[in-house]
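Novice: In case you want the letters, here they are:
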Amino acid sequence: MPPAYAATGDPPDLECPYGHRRSGASRRAGGAGSLGSGVVNASPSSDGAAPPSALRIEDLVKRYQTGVEALRGVSLDIAPGELFGLLGPNGAGKSTLIHCTTGLAQPTSGSIRVFGFDAIDRYADARQAVGLAPQEPNLDWFLTVEETLDYHAGYFGMPKRERRERSRELLETFSLTEKRDERTRTLSGGMKRRLILARAMMHRPRLLILDEPTAGVDVELRLELWHYVQRINQEGTTILLTTHYLEEAEQLCDRIAFIAEGQIVGLGTSQELAASYEVETLEDAYLALVGRKELSRSHVEVTAS
Amino acid sequence: MSAAQIRLFTLWRREANRFMKIKKQTIGAPLLETFLYISVFGAALGTRIDQLHGIDYVVFVIPGLIMMAWSINAFTNNSSSILQQKFQGAIQDQLSSPASPLELLLAFAFGGFMRGLIVAALTFTAASFLVDLPVEHVLVLVPALFLVGLFFSLLGVVIGIRAEQFDDVAFAQTFVLQPLIFLGGVFYSASLLPEPFQTLTHFNPIYYMINLVRYGFLGYSEASIALSLLALTAATTALFLLNLRLFTRGYRLRA
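Those sequence lines, one after another, are chains A and B. Per my numbering, residue 1 is the first one in the first sequence, and the count goes up by one each step. Per my numbering, residue 1 is the first one in the second sequence, and the count goes up by one each step.
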């Protein structure tokens, strides 16, 4: 599957004010216009060019100080309004890619643009557009449920009245109203998951990143989350979803990328991915990716019969 | 308020909210500790020592105790808060927000500064009821206390960022900070020490901070006030710039 980007031919090695050197590609602003629902910040204009991608990653490399290369030249292009799935085994680089996009990790090289804003040079605009629901609950134990939402919105510069209205609305949506005065450490796993999603939505991000949002939750909450994700996507929010549940990706995502050993190794709809691996289902394509074809249900059924 | 002001205020508010939610530990305990020092060194020991340099002993030690309360609380607040948030992962919510490195640094620094200020102000108020505590040079006292508070807040931030476990914070406080403060002349006058301890004390930076605060309250000084203020300003500025660099680089904060 060809990568969804083109070479830019920008001049290399411009000094980045954030402390490390970047390629020239990362310094240029993206396209024009403002997209999606609940727009907080406009995208940088470039005189009538096509609207910028919701997330455009070019040749992203992340090498940790330990020497581990978690991302090895990843390129992705997610369109505004798309519900995009990122699948891969543990340690494939999914979380590192998300951390680089949200500022929790610093790329070694390459560029990331969120609605045209460079994630390093224009980090404030880029992060303003992103909401992150991380894989591990990272709630502040000292805060109550309502404070968690209020403070998060404050970090994103939302005025008090708007914060109050928005938190009331999200507490209701995620059935957290009765828990609003409870400290986060007293919440059950499912409630924490709801709160993390509500917090990610608090500042009305145009790109919502969900890192395994349904890991360890019961069926009822999983279905509830699916409905909510589909609803906000239909309302215009772009979504990047990582998950280990293949049926989740299949049902929700417009396009899916397979990532393995820090590289994108497959990209397309679930049917396209299955076809590219010459199998019938996304699950079999995934098993082919991780080299475990013998676990295929069709294989198991044939063996059993 | 602009978005940047809302961000900064919220970041600072979170810090203040944290220490106010555990105020028995963060405000009450240090206040009690300071009172115990005043009782033991002032009321009990003070009756034997009587006066130092013409000043009642209990009055002589109170400026140092106020400085100690401010500095240790500012330091402890920031080092603990940052480390706790790193442990919980909660700091990710702030790091992935549009807040700039400067905004993050200011919020953390002034969180600890505020806690130190509250404890120091309460100590001062209570001490004023117990003894007649003069304020001889307010124009030295205010900038001196401000700089001391800020210096230790920023020191707490550095230690919090560097720390990987609670032992790292405890080590810095118990084995470095407290000995320097105690040996800096909080409870005695360095001029009364025998050699070589008197000379050694002059290599302790905390000695000059205590001297500044004591001069502000009592008008008594053992070192140059102008030089001490200048050195403290330079040290605080250097620490601020170091912290800003750490936040900008994401040192031990961003992978």
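To be clear, the hints were calculated from the coordinates, so they are not data collected in a lab. Think of the CB as a built atom: it goes at the ideal place given N, C-alpha and C, for glycine as much as any other residue. Certain hints may be false.
[What the hints assert, rightly or not] Subject to a maximum C-alpha distance of 27 angstroms in a straight line, what follows is the list of computed DSS-like cross-link-like pairs (lysine-lysine):
#  : chain 1 : residue 1 : chain 2 : residue 2
1  : B       : K21       : A       : K160
2  : B       : K86       : A       : K179
3  : B       : K86       : A       : K192
4  : B       : K86       : A       : K293
5  : A       : K293      : B       : K21
6  : A       : K160      : A       : K179
7  : A       : K192      : B       : K21
8  : A       : K192      : A       : K179
9  : A       : K293      : B       : K24
10 : A       : K192      : A       : K160
11 : B       : K24       : B       : K86
12 : B       : K86       : B       : K21
13 : A       : K293      : B       : K23
14 : B       : K23       : B       : K86
[Stated by the list, open to error] Now the in silico label distances, taken between C-beta atoms and shown as ranges:
#  : chain 1 : residue 1 : chain 2 : residue 2 : range
15 : A       : H244      : B       : M20       : 38 to 44 angstroms
16 : B       : T248      : A       : T186      : 23 to 29 angstroms
17 : A       : R72       : B       : T199      : 56 to 62 angstroms
18 : B       : R245      : A       : R292      : 21 to 27 angstroms
19 : B       : G89       : A       : A50       : 34 to 40 angstroms
20 : B       : V176      : A       : P159      : 41 to 47 angstroms
21 : A       : P159      : B       : L32       : 58 to 64 angstroms
22 : A       : E169      : B       : T174      : 31 to 37 angstroms
23 : B       : L32       : A       : H227      : 19 to 25 angstroms
Novice: Look at each hint and say if it fits the structure.
Specialist: Going down the list of hints, with the structure as the test:
1. Proximity of K21 of chain B to K160 of chain A is assessed by CA-CA distance (about 21 angstroms); at most 27 angstroms being required, the pair is judged to hold.
2. Restraint check for K86 of chain B and K179 of chain A: satisfied, since their Cα atoms lie roughly 25 angstroms apart, inside the 27 angstroms limit.
3. About 18 angstroms separates the Cα atoms of K86 of chain B and K192 of chain A, which keeps this hinted pair within 27 angstroms; it holds.
4. Of the supplied pair hints, the one linking K86 of chain B and K293 of chain A is violated, its CA atoms being roughly 40 angstroms apart against a limit of 27 angstroms.
5. Among the hinted pairs, K293 of chain A with K21 of chain B is inconsistent with the structure: their alpha-carbon atoms are about 55 angstroms apart, more than 27 angstroms.
6. A threshold of 27 angstroms between alpha carbons decides the hint, and for K160 of chain A with K179 of chain A the separation of about 21 angstroms falls inside it, so the pair holds.
7. For a cut-off of 27 angstroms, the pair hint linking K192 of chain A to K21 of chain B stands: about 21 angstroms separates their Cα positions.
8. Annotation: proposed proximity of K192 of chain A to K179 of chain A holds, straight-line Cα distance about 11 angstroms (limit 27 angstroms).
9. Of the supplied pair hints, the one linking K293 of chain A and K24 of chain B is violated, its CA atoms being roughly 60 angstroms apart against a limit of 27 angstroms.
10. A C-alpha spacing of about 24 angstroms is found between K192 of chain A and K160 of chain A, which places the hinted pair at or below 27 angstroms, so the restraint holds.
11. As the CA atoms of K24 of chain B and K86 of chain B are separated by approximately 23 angstroms, the hinted pair is consistent with the 27 angstroms bound.
12. Restraint check for K86 of chain B and K21 of chain B: satisfied, since their Cα atoms lie roughly 19 angstroms apart, inside the 27 angstroms limit.
13. A distance of roughly 59 angstroms separates the Cα atoms of K293 of chain A and K23 of chain B; the hinted pair therefore is violated under the 27 angstroms criterion.
14. Under the criterion of a C-alpha separation no larger than 27 angstroms, the hint pairing K23 of chain B with K86 of chain B is consistent with the structure, at around 21 angstroms.
15. At roughly 41 angstroms, the beta-carbon separation of H244 of chain A and M20 of chain B lies within the given 38 to 44 angstroms, and the hint holds.
16. The beta-carbon spacing between T248 of chain B and T186 of chain A, approximately 36 angstroms, falls outside the hinted interval of 23 to 29 angstroms.
17. For the pair R72 of chain A and T199 of chain B, the beta carbons lie near 59 angstroms from each other, so the given range of 56 to 62 angstroms is met.
18. Between R245 of chain B and R292 of chain A the beta carbon distance is about 47 angstroms. The supplied range of 21 to 27 angstroms is therefore violated.
19. The supplied range of 34 to 40 angstroms is met by G89 of chain B and A50 of chain A, whose beta-carbon atoms lie about 38 angstroms from each other.
20. The hinted range of 41 to 47 angstroms is satisfied by V176 of chain B and P159 of chain A, whose Cβ atoms lie roughly 43 angstroms apart.
21. Between P159 of chain A and L32 of chain B the beta carbon distance is about 40 angstroms. The supplied range of 58 to 64 angstroms is therefore violated.
22. In this structure, E169 of chain A and T174 of chain B break the distance hint of 31 to 37 angstroms, their C-beta atoms being roughly 48 angstroms apart.
23. The beta-carbon spacing between L32 of chain B and H227 of chain A, approximately 54 angstroms, falls outside the hinted interval of 19 to 25 angstroms.
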